[in-house]
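Visitor: Residues per chain, in single letters:
2 protein chains.
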Amino acid sequence: MKLNKNFFNLHDDYLFYKIISKAKEFEKTNPKLKIISLGIGDTTMPLCRAVISAMKKSVTEMSKKETYRGYGLEQGCKFLRFAIKKYYKKREIDLSISEIFINDGAGRAISEIQELFDSNNTTLIVNPTYPAYVDISILAGKKIIFANANQKNLFSPTPNKNTKCDIIYLCSPNNPTGSVYTHEALKKWVNYALKNNAVILFDAAYEAFVSSKNLPRSIFEIDGAKKCAIEICSLSKTAGFTGVRCGYIVIPDKLIFENHKINKLWMRRQTTKYNGLSYITQRGAEAVFTNEGQKQNKKIIEYYKENVKIINESLKKIGIWTCCSNNSPYVFAKCPNNMNSWKFFDFLLYKLSIIVSPGIGFGSAGEGFIRLSGFGDRNKTIEATKRFEKIREFLG
Amino acid sequence: MKLNKNFFNLHDDYLFYKIISKAKEFEKTNPKLKIISLGIGDTTMPLCRAVISAMKKSVTEMSKKETYRGYGLEQGCKFLRFAIKKYYKKREIDLSISEIFINDGAGRAISEIQELFDSNNTTLIVNPTYPAYVDISILAGKKIIFANANQKNLFSPTPNKNTKCDIIYLCSPNNPTGSVYTHEALKKWVNYALKNNAVILFDAAYEAFVSSKNLPRSIFEIDGAKKCAIEICSLSKTAGFTGVRCGYIVIPDKLIFENHKINKLWMRRQTTKYNGLSYITQRGAEAVFTNEGQKQNKKIIEYYKENVKIINESLKKIGIWTCCSNNSPYVFAKCPNNMNSWKFFDFLLYKLSIIVSPGIGFGSAGEGFIRLSGFGDRNKTIEATKRFEKIREFLG
Numbered sequence: 001m002k003l004n005k006n007f008f009n010l011h012d013d014y015l016f017y018k019i020i021s022k023a024k025e026f027e028k029t030n031p032k033l034k035i036i037s038l039g040i041g042d043t044t045m046p047l048c049r050a051v052i053s054a055m056k057k058s059v060t061e062m063s064k065k066e067t068y069r070g071y072g073l074e075q076g077c078k079f080l081r082f083a084i085k086k087y088y089k090k091r092e093i094d095l096s097i098s099e100i101f102i103n104d105g106a107g108r109a110i111s112e113i114q115e116l117f118d119s120n121n122t123t124l125i126v127n128p129t130y131p132a133y134v135d136i137s138i139l140a141g142k143k144i145i146f147a148n149a150n151q152k153n154l155f156s157p158t159p160n161k162n163t164k165c166d167i168i169y170l171c172s173p174n175n176p177t178g179s180v181y182t183h184e185a186l187k188k189w190v191n192y193a194l195k196n197n198a199v200i201l202f203d204a205a206y207e208a209f210v211s212s213k214n215l216p217r218s219i220f221e222i223d224g225a226k227k228c229a230i231e232i233c234s235l236s237k238t239a240g241f242t243g244v245r246c247g248y249i250v251i252p253d254k255l256i257f258e259n260h261k262i263n264k265l266w267m268r269r270q271t272t273k274y275n276g277l278s279y280i281t282q283r284g285a286e287a288v289f290t291n292e293g294q295k296q297n298k299k300i301i302e303y304y305k306e307n308v309k310i311i312n313e314s315l316k317k318i319g320i321w322t323c324c325s326n327n328s329p330y331v332f333a334k335c336p337n338n339m340n341s342w343k344f345f346d347f348l349l350y351k352l353s354i355i356v357s358p359g360i361g362f363g364s365a366g367e368g369f370i371r372l373s374g375f376g377d378r379n380k381t382i383e384a385t386k387r388f389e390k391i392r393e394f395l396g
Numbered sequence: 001m002k003l004n005k006n007f008f009n010l011h012d013d014y015l016f017y018k019i020i021s022k023a024k025e026f027e028k029t030n031p032k033l034k035i036i037s038l039g040i041g042d043t044t045m046p047l048c049r050a051v052i053s054a055m056k057k058s059v060t061e062m063s064k065k066e067t068y069r070g071y072g073l074e075q076g077c078k079f080l081r082f083a084i085k086k087y088y089k090k091r092e093i094d095l096s097i098s099e100i101f102i103n104d105g106a107g108r109a110i111s112e113i114q115e116l117f118d119s120n121n122t123t124l125i126v127n128p129t130y131p132a133y134v135d136i137s138i139l140a141g142k143k144i145i146f147a148n149a150n151q152k153n154l155f156s157p158t159p160n161k162n163t164k165c166d167i168i169y170l171c172s173p174n175n176p177t178g179s180v181y182t183h184e185a186l187k188k189w190v191n192y193a194l195k196n197n198a199v200i201l202f203d204a205a206y207e208a209f210v211s212s213k214n215l216p217r218s219i220f221e222i223d224g225a226k227k228c229a230i231e232i233c234s235l236s237k238t239a240g241f242t243g244v245r246c247g248y249i250v251i252p253d254k255l256i257f258e259n260h261k262i263n264k265l266w267m268r269r270q271t272t273k274y275n276g277l278s279y280i281t282q283r284g285a286e287a288v289f290t291n292e293g294q295k296q297n298k299k300i301i302e303y304y305k306e307n308v309k310i311i312n313e314s315l316k317k318i319g320i321w322t323c324c325s326n327n328s329p330y331v332f333a334k335c336p337n338n339m340n341s342w343k344f345f346d347f348l349l350y351k352l353s354i355i356v357s358p359g360i361g362f363g364s365a366g367e368g369f370i371r372l373s374g375f376g377d378r379n380k381t382i383e384a385t386k387r388f389e390k391i392r393e394f395l396g
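Going down the list, the protein sequences come from chains A and B. In terms of our numbering, the first sequence opens at residue 1 and continues consecutively. In terms of our numbering, the second sequence opens at residue 1 and continues consecutively.
Honestly, the hints are just simulated from the structure, not real lab data. Any given hint might turn out to be false.
Same chains, same names: a pair is fine if it fits in one copy or spans any two.
[To be verified] Below, computed lysine-lysine pairings styled on DSBU-like, alpha-carbon distance capped at 35 Å:
#	residue 1	residue 2
1	Lys195	Lys299
2	Lys264	Lys143
3	Lys89	Lys28
4	Lys213	Lys65
5	Lys273	Lys56
6	Lys28	Lys261
7	Lys2	Lys161
8	Lys152	Lys305
9	Lys254	Lys380
10	Lys64	Lys351
11	Lys254	Lys264
12	Lys152	Lys195
13	Lys57	Lys86
14	Lys273	Lys78
15	Lys273	Lys261
16	Lys5	Lys90
17	Lys2	Lys152
18	Lys227	Lys78
19	Lys57	Lys227
20	Lys386	Lys64
21	Lys18	Lys254
The following block holds chain A by itself, in its conformation from the complex (with noise of 0.2 Å):
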C-alpha cells in the first residue's frame, strides 16, 4: 500500500496547536499569573434560549417511537433549508431550498467541496488567510497561488492581470484580518471568475457579524455570482455552535462547468459519501432563524462587536495600527517597533500574559501582525485593554 504523498508537502504544525502549547508551558512555570486568551476564535457566550428549547423538545421526540427520527436526508432537513431560504430571502436573494445542503460546519465543506475539482487546477488564497485552505489545498494535491492583503489594499486583494486561477477562495468578513469586500470588490471577483471560467469559494461563515448597510454579507449580492460561485457559512459564529457544529453550503442551480450542473455533482457525492447532520442539531439550527433566535442571538454578536470596539480603542490609544471593519470578531494589528509576530506574541505572553495568534501563523503576508478576538469575555477583555497600557513602558 502507497500513501497519499500530498501528506508530507504539509507544513509545520497547525497554528492553534502551536499557540496552545506555548501558553500551556508558560503557565506551567509561571502558576500564578492569570493568562488571558484573545487568541482562539472561539464562542464562550451559551446557547440563545430558542435554540436550548428547540433542542430538548427534539430530545425528548428521539424518546419515543412515535416521534423517533432514523436517518435523515443527506442534504439536511426540508424545515432547516426552508428556514434558510427565508433567510436568504429578508436580504433579497432567492434560493430553492434544492441549492441548500446542511452540513456540520464550514470547516469541513470548504475541503470536502474540493473533491468536485480535478487536482489539476490552480487554486487563488488570500493571503494571510485561515490556515486549513491551505493545508487542505495541500492535501487535495492543487496549485496554489496567494493574492497579498496589505495595509494598502486594506486587506482587501481584488484580482490583477497577472491573476492566473481556477478555484478562489475568498472570506468575507474576513479571518483573521475582519476587513469585509465591498460590493465593487466582490464584482471584480465574479467578473474574473465569469471570464476565466473560475469558481468562487465564499466562506462567509461570519456574515452575521456585518452590521454596515453598505456592506455585502452574502456573494450572491453580487450580479452573476450564482454562475461562478458557492457560498459556505456556518452557525458556529452566528449562534454558537462551535461546540454543536451545523453549517450550510449554497450551490446555485446555474452553476455549470463542463456542461454539468454542480449542484446535481454535489448532491450525488452527499448521497454516496454523508448521512447527514444530527436530527437534534438541525432543530436547534431551525431555532436560530426564528425571530426569537435572531433577536437573542443578535445580542450575542452584539457582545462580541463590543469587545472587538474595546479591543480596537486601547491599541488605536497606543498608537499602534489596527485592520478592524466593526463588521467582523477580529482585530488585525500591526506590530509596534517592528517587531515580527512571534516575537510580539511573545512578548505579549511572557510580559502581560495575554495570549494572541501570530499573524505570520495565517500566512508571510500576516508577518509583523497580531489577530486579536472578541470572543472573550467582557470583564477579561476590559483586563487585557489595561495590560495593553503597559506596552508603551515596556517598549517606548
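Please build the complex by placing chain B on the supplied structure of chain A, with the hints as guidance.
Guide: Just chain B now, with coordinates in the frame of chain A:
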C-alpha cells in the same frame, strides 16, 4: 476549472434512492394498500433512557456560561474515548485513547480514511457489498477488484493465490448478507495483509449483533491485526444513532507504512479538516457504554434479532434458502424460481406490498438474492411473514 473526472465513472443511482422511488410510485397508484418495508436498514426503536437523559443534561450545560462548550478536540472528547477504551478492554483488547478517533458515523469514515492512501492503490471489496465502498473507491480514483461471496463459501470469502490488492474492505457481520467471519477466516486476511503490505479497513458497524461467543466482534481479536488493520465502528445500529450520528475509528499505534505511523497522519488530517463532533452527541454516546446504556440497548438489539428470526423461519418454511447467521440484523434470501433480484423485488412490491432490498443492488454477486431487514416494527414484521405465505400460491 476542471471537474474531478472520477465523478463520471460512477454508475447509476444510489440503491436506496431507487427503491424509494419505486415504492413511492406504487403507493401513489395504490393508495389503499399498506406497504411494509423490510428494505432500508434504518433503526425504528427510540434512543434508550440512558442516552436521552445524558443528552438532556448536556443541552442544559450548553445553556449556561459556566458549563458551555465551544470547539472540542478534533479526535473526540476524552470521556468518550475512555468509555470506548473500556468497552474494548471487556473483550480483552487493549487500546490507548490516542488510538481512538470519534467521528459522525461509519458512512463518512469509510470514505475519509481513503485519503491516507495514494490513488494508485488497488482496493479489494467483497461482492456483494454495501454500495458506498465501491462508489467512494471510484471517487478516490482507486482500482477495484472483488472477492466473490456465494453460497459455497457461506458469503465469507478469503484470499486466494490470485488475490493482489493494497486496501481491503471487510464488513463483519456483513451488510448485506448477514454472514460473520470466523477467527480462522479473518486470520487468513490478516496474514495476507501482513505478507503483502496491505491495509485492512474493518467495518464493525454491526458488531453489537454478535452474540455467539466463538465469533470475533473486532479485527483486533486476531493476532497481528494491530500491524495491518483499521477498525471502523458506529453507534447507528448499536444504539439507534442513525439520526444522531456518532462513530469511531481505531488506528493502532503499531500501524506503520513507509515508516510513517498512520495514527499520526490521521491526527494531522483531523486537525486540518475536522472540527470535532457535537458535545451533546458525545455525551449521549458516552451513555451508550455505561452499564445502564449497555443493558437498555441490548434489549433493543434482541428485539431486532427476534424480527430477523421471525423473517428467517417464515422464509425457510416455504422453502426459500437463506443466509442467516443469527448475529446480524439482516437475512439474505435466495429468490425462488430462479428469479433475478429486481424481478423478485417487483413481485414482492406489486403482489404483497412488501419492500425489500434487491441483492443485485449490492453487486453482481448479489444477483438472485434479496436482503430483508429486522429493523422494523414487530407487528409489521409478523404481518409481512403472513404475506410471505402467499408466495408459493403465486409462484408455485
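Visitor: The structure should be examined with respect to each hint, and the outcome stated for every one.
Guide: Quick rundown of the hints versus the structure:
no.: 1; hint: Lys195 x Lys299; result: neither (41 Å within a copy, 62 Å between copies)
no.: 2; hint: Lys264 x Lys143; result: both (26 Å within a copy, 25 Å between copies)
no.: 3; hint: Lys89 x Lys28; result: between (52 Å within a copy, 33 Å between copies)
no.: 4; hint: Lys213 x Lys65; result: between (47 Å within a copy, 31 Å between copies)
no.: 5; hint: Lys273 x Lys56; result: both (29 Å within a copy, 29 Å between copies)
no.: 6; hint: Lys28 x Lys261; result: between (55 Å within a copy, 30 Å between copies)
no.: 7; hint: Lys2 x Lys161; result: between (41 Å within a copy, 22 Å between copies)
no.: 8; hint: Lys152 x Lys305; result: within (25 Å within a copy, 68 Å between copies)
no.: 9; hint: Lys254 x Lys380; result: neither (48 Å within a copy, 44 Å between copies)
no.: 10; hint: Lys64 x Lys351; result: between (57 Å within a copy, 33 Å between copies)
no.: 11; hint: Lys254 x Lys264; result: within (11 Å within a copy, 41 Å between copies)
no.: 12; hint: Lys152 x Lys195; result: within (26 Å within a copy, 60 Å between copies)
no.: 13; hint: Lys57 x Lys86; result: both (23 Å within a copy, 32 Å between copies)
no.: 14; hint: Lys273 x Lys78; result: both (19 Å within a copy, 27 Å between copies)
no.: 15; hint: Lys273 x Lys261; result: both (19 Å within a copy, 26 Å between copies)
no.: 16; hint: Lys5 x Lys90; result: neither (46 Å within a copy, 38 Å between copies)
no.: 17; hint: Lys2 x Lys152; result: between (46 Å within a copy, 34 Å between copies)
no.: 18; hint: Lys227 x Lys78; result: within (24 Å within a copy, 45 Å between copies)
no.: 19; hint: Lys57 x Lys227; result: neither (40 Å within a copy, 46 Å between copies)
no.: 20; hint: Lys386 x Lys64; result: between (54 Å within a copy, 27 Å between copies)
no.: 21; hint: Lys18 x Lys254; result: between (42 Å within a copy, 26 Å between copies)
This entry does not satisfy hints 1, 9, 16, 19, going by the numbered hints stated previously.
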